[in-house]
Amino acid sequence: MTAFILLRILQAIPVMLVVSLVSFLMFAHVGDPVAIMLGQDHTPEQREALVRDLGLDQPVLVQYWRFLGNAIAGDFGLSYRLSRPVAELIAERAPATLELAFTAAALALLVGVPMGVYTGLYRNSWISRLFLTFSLIGVSLPTFLIGILLILVFSVWLGWLPSFGRGETVQIGWWTTGFLTWSGIKALILPAITLGLFQLTLIMRLVRAEMLEVLRTDYIRFARARGLSNRAVHFGHALRNTLVPVITIAGLQLGAIIAFAIVTETVFQWPGMGLLFIQSVGAADIPVMAAYLLLIAAVFVTINLVVDLLYYAVDPRLRADRGAAGAGGR
Amino acid sequence: MALPGAAAALLARWRESDLWWSFRRSPVAVGAALVALLCIGGALLAPWIAPHDPFDLAGLDLSNAFKPPAWDAEGDPAFPLGTDGQGRDVLSAILYGARISLLVGLSATAFATLLGVLLGLVAGYAGGTADAVLMRIADVQLTFPSILVALLVNGVVQASLPRELHGALALYVVIFAIGISEWPKFARTVRGSTLVERNKEYVLAARVIGLGRARIMLTHVLPNVLGPVLVIATLNLGLAILAEATLSFLGVGVPPTQPSLGTLIRIGNDFLFSGEWWITIFPGAALVAMVLSVNLLGDWLRDALNPKLR
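So the protein lines, in turn, are chains A and B.
Residue numbering for the first sequence follows the numbering used here, starting at 1 and increasing by one per position.
Residue numbering for the second sequence follows the numbering used here, starting at 1001 and increasing by one per position.
Think of the hints as simulated: they come from the structure by calculation, not from any bench.
Chain A regions said to be covered by chain B (calculated; three or more residues, Cβ under 8 Å): (1) 134-147; (2) 246-259; (3) 262-269; (4) 284-293; (5) 299-313.
Partial list, computed: chain B residues near chain A (C-beta under 8 Å): (6) 1145; (7) 1156; (8) 1284.
Partial list, derived from the structure: chain B residues whose beta carbon lies under 7 Å from chain A: (9) 1140; (10) 1148; (11) 1155; (12) 1159; (13) 1249; (14) 1250; (15) 1252; (16) 1273.
Yeah, the Cβ is synthetic: ideal placement off N, Cα and C, and Gly gets one too.
Pulled out of the complex, with its shape left as it was, chain B reads as follows:
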């Protein structure tokens, strides 16, 4: 398969870049990338690689309930990580759950990035009242831990929605709540860089030839302030996944019909005392592997892009 010319050139450029060099020389980054790829691959390919369909109620057999992992004497090789109280395969549930966790984490981060970058650009470029108001809001919000903000926004939006819409919209409400709780970090960084860029000559030149404000902000300033955003977004992805897991564990997150890793841990928590530890520990381990690998990648990216540390 021949790669299109542009893609091949991009790949060649990437091979020669500093980033690739620093990546290969950091065993932690390579290991984290492998684990992250495994988690993301497992989540994306869940419908094809999961041994069972956890949502297929007809396929559930109560006689399979509470099977321990396959390596246990009472285990069944058909269920590598055991089964839960309804005979559902834990491994399949984790693969599908990681899908939901990842979906919410990515969407919430994308939402927070979009909102934060736009508001930060406006605050930095326009200045004046818009700047003062936006940054005051960000300050107030940063006073509270973001998980608390997400909890409150989630609670308020759910309480104001009619009951019959809950199931259909719950996923979007969680994404919105987590995104809202994380935007100030992006806005502050972007505002700071915009303040620096605003007075540079190329912006002045753009103004002189009569370009509009929106055009200058989006096509001239924006590309120059995006660098640090990538690092914050990577680090934020881990936080967003954890926030979703925490909300779902508390029982106010994603709906039970679309269980995420947090939901699985909450369900498994009820069986802890009867000795079925695998129902909660394996989803927990998957969550930690996912978040830890993303965080380590983010840490590496931050150091690699920081010229002072080279």
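Pulled out of the complex, with its shape left as it was, chain A reads as follows:
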């Protein structure tokens, strides 16, 4: 077990190094940072002084080493666009994105799993057909169109829910939360549905397929033969065995939720990291882009690592296989 964990962590390090090298190269060589920072009018002496200040006259490897050190310490320099420390900008916006992503994921799980169980158990009822049709729509509509349609119906026509921003937020330490005010919760509803809908349909279809598979197995037939109640068979035996793949996919989908948060935040003008990133791409604000890239890479590598370890912990069959295959490099 320890060897496996160590191996996985060792495999994660090169990924992070490659990503950090890409973001460093972006930082140092995309556009001309010196010209951007100095503006239009500057003397060659000013330019030279700044180059020396920034350490751009030193070998690339030395620069990269310093970039790595700074990144680990959380220092990504100043945003070209807003002239504020990048770390501060990101820390300010992280709560908005994390609350949105958390709500969307919770929605997808809490609604998707029961819908999947229902459609798996009663596969021919008209409600199941309705759910399946609905899930086809969820898969085919692009995220931004779902958001636009929701805004059109619930904000423009019905006027029930706000269509942009976070509403009122409460400050707790450095964290701002929208969970504690009525307007904050109302503002969260539409973006969370937009972001969670695709994952919801995915989880529903997955649970349904797994349930259909499990219900055909011998141990379910045996459980019925023992005279167990439907409830015990369905939830105690069938559902529990479908949960392993569901946990894996749900974990991996967390990354997709964070990626598509960029789109959702743009549609709803949600003041999170994704909106910051898009605005930075538009303005060629390299320090923010580099920091976001590193942050996202760290999140993805961590999620993959945790899912792998969870899988290992949950499914005993994998242990023997991995031990043999692991030596040859997977």
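For chain A, the structure is supplied; the task is to place chain B on it using the hints.
Relative to chain A, chain B alone:
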């Protein structure tokens, strides 16, 4: 008009093939093919069938702005799906926009297919270090959602290009970014089939008579690994069109001078609150029709070519 002999023979063969039979028996596939043909036909023929020229600034009349669709009481039959804020005909804009969406989707898919197939062939046939390096890169890239990769590549390339080139090159940058984000799927599939083919007797025979590596890969192995590629490419076309629409909706995709469906949806989004829903909903519906029909065709093709499901 007499068809040339070869084409006629090909058509006859197609008529008798399993694929045609399974196609005719699947109402979903036929329906999807009709919708897809409608979308593609509309896009290709836009300059001839569009009622107005959306790029002709002289033809725009601000007094025509914000006309609702023709069936509305205030609608104008000259503008079947209404007009936008500058008096531009929405239907014409959609036809021309579908052209751009389709162009980017097809080019990006072609690029991803070419790159993925070549790298997959090399990785599978050469093995060793080339294989390890290429597959490691593919693994790392598959860790991230492809839309994120496309966004980043697009952002980095645009930031490193001089400003004055942006307008001219933006379309190619988007195609490149989306293509780059999709190649690992192709490379992995092709690598897998190449590993199987590599040890077959016909490859051994080719090696024995002294053919070069490149020749064996391209003329002997390649035709035998292309089957699954067709299915992946079809399914990927829908994804590529959606990726382009998403980038353009975010305002970092194709330039505003060549509006795609995604750009039209973004522009229309600003008018949602003043009640002009048709400016954004119709391009959205066109996008969904296009992507859904392509996806359903891809699904059908995958099942039809899968011998286990027959």
